[in-house]
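Please model the entire structure based on the sequences and the hints provided.
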Amino acid sequence: MEIHFSKQIYNLAKKLWPINRSITGDGVRETLSIIQKEVPELKIFEIPSGTKVFDWTIPKEWRVRDAYIVTPSGEKICQFKKNNLHLIGYSSSINLTLSLSQLQDHLYSLPDQPSAIPYITSYYEERWGFCIAHEERKNLQEGDYKVYIDSELFDGSLTYGEILIKGQSSKEIFISTYICHPSMANNELSGPCVTTFLAKKIKDFKKLKYSYRLIFIPETIGSITYLSKNIEYLKQNVVAGFNVNCVGDDRDYSYLPSRKGDTLSDQIAKHVLKHISPTFKSYKWADRGSDERQYCAPNVDLPIASIMRTKYGMYDEYHTSLDDLINVVTAKGLEGGFNALWKAIEALERNSYPKVKILCEPQLGKRDLYPALLTEHTNSKVMQMLNLITWSDGAHSLIDIAELCETPIWELYPIVKKLEDHKLIELYNEPS
Amino acid sequence: MEIHFSKQIYNLAKKLWPINRSITGDGVRETLSIIQKEVPELKIFEIPSGTKVFDWTIPKEWRVRDAYIVTPSGEKICQFKKNNLHLIGYSSSINLTLSLSQLQDHLYSLPDQPSAIPYITSYYEERWGFCIAHEERKNLQEGDYKVYIDSELFDGSLTYGEILIKGQSSKEIFISTYICHPSMANNELSGPCVTTFLAKKIKDFKKLKYSYRLIFIPETIGSITYLSKNIEYLKQNVVAGFNVNCVGDDRDYSYLPSRKGDTLSDQIAKHVLKHISPTFKSYKWADRGSDERQYCAPNVDLPIASIMRTKYGMYDEYHTSLDDLINVVTAKGLEGGFNALWKAIEALERNSYPKVKILCEPQLGKRDLYPALLTEHTNSKVMQMLNLITWSDGAHSLIDIAELCETPIWELYPIVKKLEDHKLIELYNEPS
Amino acid sequence: MEIHFSKQIYNLAKKLWPINRSITGDGVRETLSIIQKEVPELKIFEIPSGTKVFDWTIPKEWRVRDAYIVTPSGEKICQFKKNNLHLIGYSSSINLTLSLSQLQDHLYSLPDQPSAIPYITSYYEERWGFCIAHEERKNLQEGDYKVYIDSELFDGSLTYGEILIKGQSSKEIFISTYICHPSMANNELSGPCVTTFLAKKIKDFKKLKYSYRLIFIPETIGSITYLSKNIEYLKQNVVAGFNVNCVGDDRDYSYLPSRKGDTLSDQIAKHVLKHISPTFKSYKWADRGSDERQYCAPNVDLPIASIMRTKYGMYDEYHTSLDDLINVVTAKGLEGGFNALWKAIEALERNSYPKVKILCEPQLGKRDLYPALLTEHTNSKVMQMLNLITWSDGAHSLIDIAELCETPIWELYPIVKKLEDHKLIELYNEPS
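The listed protein sequences derive, respectively, from chains U, V and R. Just so you know, we're using our numbering here: the first sequence kicks off at 1 and counts up by one. Just so you know, we're using our numbering here: the second sequence kicks off at 1 and counts up by one. Just so you know, we're using our numbering here: the third sequence kicks off at 1 and counts up by one.
No lab work stands behind these hints: they were computed from the structure. Be aware that a few hints might be false.
Stated by the list, open to error - Below are the DSS-like pairs computed for lysine-lysine, each with C-alpha atoms no more than 30 Å apart in a straight line:
| id | chain 1 | residue 1 | chain 2 | residue 2 |
| --- | --- | --- | --- | --- |
| 1 | R | Lys235 | R | Lys274 |
| 2 | R | Lys366 | U | Lys260 |
| 3 | V | Lys281 | V | Lys260 |
| 4 | R | Lys209 | R | Lys7 |
| 5 | V | Lys52 | V | Lys171 |
| 6 | U | Lys260 | R | Lys418 |
| 7 | R | Lys52 | R | Lys171 |
| 8 | R | Lys357 | U | Lys171 |
| 9 | U | Lys200 | U | Lys235 |
| 10 | R | Lys200 | R | Lys235 |
| 11 | R | Lys423 | R | Lys209 |
| 12 | R | Lys52 | V | Lys417 |
| 13 | V | Lys260 | V | Lys171 |
| 14 | R | Lys260 | U | Lys260 |
| 15 | R | Lys281 | U | Lys284 |
| 16 | V | Lys229 | U | Lys355 |
| 17 | R | Lys381 | U | Lys284 |
| 18 | V | Lys366 | R | Lys229 |
| 19 | V | Lys274 | R | Lys260 |
| 20 | V | Lys284 | U | Lys418 |
Structure (structure tokens):
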């Protein structure tokens, strides 16, 4: 019954890998159109450059045709077409010959990671520059260097995508991921790829309780833009949600809270991660760094938490060319990220306030719910049922009860079903 | 002034020991009539078989005249008249000759405790069987066995007893114990015997504040029956109470909470046990197993906690013939159980919300409450008085204050008296 | 900008040192008139002997002209004029010749601290006696001793001082210290001396938000007297405050809570001390012993906490002639006590409920608040600003925010200023 999407998610990531994404531009559009093939419900929005979005302004659109450096010996290096990380994001156009020392002011490398090309952008201050592996930079010879960047900054638009899957309720689960990073895997092809397959699986879920809104935006400016257009609606309708990023390596599981730290999303994220991986890392709001900064800003305060594999900034390959689909992100890593988020969504769907319909303990025996022979196994099953019943007082949610029973919520689903079938409990949407 | 009941409680247990109790039947009636001799206020109630009590139905009454097995060599074994544990509770009548291997299907023993006769019942499924020490079972020879059970299951009634001791208030303290176990001592002759003497001592208490309701019922079906008749009254009037069981061995002290865990009964139980025995065992609601399951069921939610010596299931002799009045239950053990419960009752009676009647510290010196010479001892006495005064703000109960002062509440009773006599504090029933 | 008062505070202590203070009398008046020279706003009040103050009565006034003992060999010892601790406080007049053994009943010394003269008083029971170093007492020879005390107990008055410094609000910060101890330094010349200079510094504070009331009273009877006259006004107007004592040695920092333990004064005291000295000692209400006993008595309940250096009773020299201005109290110790209290006052003044004025994160870059080059230092500065912004939701006070950011509140003042200048936050007096 459970479909293993891992291979498909990984293949989508491979397909999206070479595209030069940024906070605007054709790379974003190409990425969204590939995702649209997987989920045709994806709608694409364009917001013009210069639009005011809260304290910010949509920047010019960036287009690159080519970029490289020619060394004194005539070798072409830092070729954008070979690796889009070579070019600083939002670099302006240039065609110039420079001495090595003049060039050095425009080169960026990591002495501690000599083989890595760093990832650098300059969205809001016009400049140009190249990123290069430190071991290559060290061997550059004196002489004249030709630098060539054929790029354009022009009044265009910022592009984002949105999927809406309607459930029985107009109350929504909000899932956000970003599509502004060029060729890096965990941060951030894993987020949009896992989110695409979450959308597919949500569509297949029978009798969906909540409506689901999944957005694919550029980080920061994208979430601010989206919020500036939709904040009132979101504040009224969103009951829980997750910011999806860094969900592709198979090394760790991580949780980062909402600002308030006590929302339903936080409760479920911690519950799921604890039972998937008791040693998961629990970060604090002070460790934030992605779009939760906007979703949980004061007076925005959407109930958005983060479920991650290894968090941005917490692994060596972060924001370099080493964050790849070979050594960092794997099909197994993506499957783990997908699985954790899916378990959280399932918990949201199946959460309720169960209430036992009779006073005192029900007589399980007359309903064949109490085994004639109590072995250690059947005894633990009976105890699980009795524990579920004893907390089904209408005041505790199923997720509360799972915590009280120290059991994963998913082990309670079949028991809830059985007790409902025997008309021993009723499920309510609200505490009573 | 303090009467030591330990010997008397132990003697009552010895008198009740041989009676064949079950959830119904003459053994219960005989037990209650002996208790009635100690406390004539005990009223006995009979509820007919077939009566619906919430999700349950009062079962048929069980009567046994005799039961035994005759071995191939003519020896009478498993004689009910020698030890009532030999016969499975609620065994139906039988008169049959069987081979050893046919007999084995109806024998129950404990390989790990070869000298113990286990305690087994089958109230709601008709069957028959014998319990036997494993060492005896192993030596049974091939051949024909005559099994003989002269018992009866018939439309009779379930019997229980109730003592009501009226105090100044109609608010009640509810104490429940069970009288359905045959010849076993800690679980459960200790409960009814200690409860009988609690009733005697409550009757002697001067100016009783609360009314006291003490019930002697069969476990589970009895508490469900009692609740089905009295739940509305109990919910309105019961302010605290205890389920009394396993209060007779001198090995441990134990606390099991109410379902909500924060009732007055819980606060007092923990306070008393902490000061009697700092190493007492504190169980969780998940460890429940006795009538608290009914009293604290969702929407019943009476404030009932348990104060025990060694908890059911937590000692080797539990539910076997080894749970006796020689090696397990002792006069000293019963005295400890009685004492802990009595200290809890006394705390309920003496609890109040003291409020100091003057602003700032009173001048103790002019009332001779401040010793001229401060030794270490008098200094600690003065500090105890000042600590009691400083927390007598009308918002804290005496039990709260005892916790704040890290002192047993009973050390505060004489100080409260002294301060009241000097008109320095007033006692209120409610926080102000 | 920060004026170092340490030398001046120490000099004031030296000037006040020789005066014979008690709970009444000319020593108090002389002390207050010297303080008045530093802070002319000090008003002096006289409350007649015999006045009823809550449960107490203002005692007679005590005046001493001379006191000493003449030994058999004609030597004058225990001379009050050499050390006022030699005479028990409130000793009555006497002129008598006694044998050594008769004299011994009136001598007090400390065998464990043979060189120390103990500090003893008898305010409410008339007696006479001398305090003497144990090493001196041991060498007293048999023979006739002449004891001479020229003192007077008469209907006079109890004297106290009060400084009121008005701020923009009629809400008050209440600071109390006591002036009833004769020649001892930490307990208690440090309190009145530090408080005098707090008053001077408060007067210099620009745009004072709160009004400040600083009182100089005798301990216990003084605070009770003051409260009996002003309790209604204080309960309506005081928002925070401190009892100032034992603020002069350079060994420790200590905190003693208000009775309720969760007032603004408690929050600020703990915050300041934690960041000044992470190893500060945190006492409990059970450890109280000074005027907080009155200010926090039930139904008085002013929000008064204590910030101290080494607490009374917790250092060897306490209440003896060894508590001096040489080995115990130092300029550096006084400066530390002053500084801690000043930081607390500053925190009260600068505390507010900041609220960010825009939705989502502000764009710091366009305001030059985001450095072009992120070094470790600038990054931590930016993070501090972003952390302040993220908690500026109108529900958290600046002191709450400092706790959430795990940073001393004083590091936030310049950031608050910068954000206010950029109109990014607004400051409110109340949570919103």
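So, going through the hints one by one against the coordinates:
no. : hint                   : in the structure
1   : Lys235/R with Lys274/R : holds (29 Å)
2   : Lys366/R with Lys260/U : holds (28 Å)
3   : Lys281/V with Lys260/V : holds (18 Å)
4   : Lys209/R with Lys7/R   : holds (29 Å)
5   : Lys52/V with Lys171/V  : holds (29 Å)
6   : Lys260/U with Lys418/R : holds (26 Å)
7   : Lys52/R with Lys171/R  : holds (28 Å)
8   : Lys357/R with Lys171/U : holds (28 Å)
9   : Lys200/U with Lys235/U : holds (25 Å)
10  : Lys200/R with Lys235/R : holds (25 Å)
11  : Lys423/R with Lys209/R : holds (21 Å)
12  : Lys52/R with Lys417/V  : holds (27 Å)
13  : Lys260/V with Lys171/V : holds (20 Å)
14  : Lys260/R with Lys260/U : holds (27 Å)
15  : Lys281/R with Lys284/U : holds (28 Å)
16  : Lys229/V with Lys355/U : holds (22 Å)
17  : Lys381/R with Lys284/U : holds (19 Å)
18  : Lys366/V with Lys229/R : holds (22 Å)
19  : Lys274/V with Lys260/R : holds (25 Å)
20  : Lys284/V with Lys418/U : holds (26 Å)
Hint compliance for this structure: every hint is met.
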